[in-house]
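Undergrad: Below, each chain spelled out in residue letters.
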Amino acid sequence: AQSVAQPEDQVNVAEGNPLTVKCTYSVSGNPYLFWYVQYPNRGLQFLLKYITGDNLVKGSYGFEAEFNKSQTSFHLKKPSALVSDSALYFCAVRSSGALVFGKGTRLSVIA
Amino acid sequence: DTGVSQNPRHKITKRGQNVTFRCDPISEHNRLYWYRQTLGQGPEFLTYFQNEAQLEKSRLLSDRFSAERPKGSFSTLEIQRTEQGDSAMYLCASSPNPGPGWTDTQYFGPGTRLTVL
Chain A
1 AQSVAQPEDQ
11 VNVAEGNPLT
21 VKCTYSVSGN
31 PYLFWYVQYP
41 NRGLQFLLKY
51 ITGDNLVKGS
61 YGFEAEFNKS
71 QTSFHLKKPS
81 ALVSDSALYF
91 CAVRSSGALV
101 FGKGTRLSVI
111 A
Chain B
1001 DTGVSQNPRH
1011 KITKRGQNVT
1021 FRCDPISEHN
1031 RLYWYRQTLG
1041 QGPEFLTYFQ
1051 NEAQLEKSRL
1061 LSDRFSAERP
1071 KGSFSTLEIQ
1081 RTEQGDSAMY
1091 LCASSPNPGP
1101 GWTDTQYFGP
1111 GTRLTVL
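Line by line, the protein sequences are chains A and B. For the first sequence, this note's numbering begins at 1 and goes up steadily by one. For the second sequence, this note's numbering begins at 1001 and goes up steadily by one.
Short, incomplete list of chain A residues facing chain B, as computed with Cβ under 7 Å:
hint	residue
1	Arg42
2	Gly43
3	Leu44
4	Phe46
5	Phe90
6	Gly97
7	Ala98
8	Phe101
9	Gly102
10	Lys103
11	Gly104
Pairwise CB distance ranges (calculated):
hint	chain 1	residue 1	chain 2	residue 2	range
12	B	Leu1117	A	Gln10	27 to 33 Å
13	A	Lys77	B	Thr1105	18 to 24 Å
14	A	Lys77	B	Ala1053	37 to 43 Å
15	B	Ala1053	A	Ala14	48 to 54 Å
16	A	Pro79	B	Glu1056	37 to 43 Å
17	A	Pro40	B	Arg1059	27 to 33 Å
18	A	Gln10	B	Glu1052	39 to 45 Å
19	A	Asn68	B	Phe1074	37 to 43 Å
20	A	Lys77	B	Phe1074	36 to 42 Å
21	B	Lys1057	A	Gln10	30 to 36 Å
I should point out that these hints are in silico values taken from the structure, not numbers from a laboratory. Backbone N, C-alpha and C define an ideal beta-carbon position, used for all residues, glycine too.
All chains should be built: construct the whole structure from the sequences, respecting the hints.
TA: Okay, here's the thing in structure tokens:
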């Protein structure tokens, strides 16, 4: 079965510093990987996806993610964090028609 | 493109009552998905439609749950005889039509928060 794991429940980073939110995956076949962000009492907003091609994927709001096949990872990154980036981040993998989500990582950016 | 909309945004009901939620997908998206999200967890897949056909159902979708998409546009999710364990956020998503270069990015609505007392 397709699955993703987010090993950190919480990530704290100072404003202006680079941030990384980790995700590892377990799939059979080629992975279709996604990152979404959720703000309080809101639905999920799509950030970026990896289907094929370049291992570095650029997305919305200055976020990017690096696909690493040997480490089965798809970590989300941003060079300089903003306080407004504070939210809940979900990694997901496509499994048949559905998305299978990780448990989420709460990012807190401190001014 | 007005995004995926869901109604109501909040629903409080008593145990044993039936509830129905509505989802309006992005115009011309022919795939529509339902997920459930409980506190501290990621969304869990319930079911999805392609046009009016229900193509996949999760084991989470017990016989008290039913979803429809009669004309291939909006969808409803009904929960009969609600239980306290049904309290959750119910999320709807839609994705563009399959075709060349299709990658099935799902776009989510704001969700309906259900509280069963």
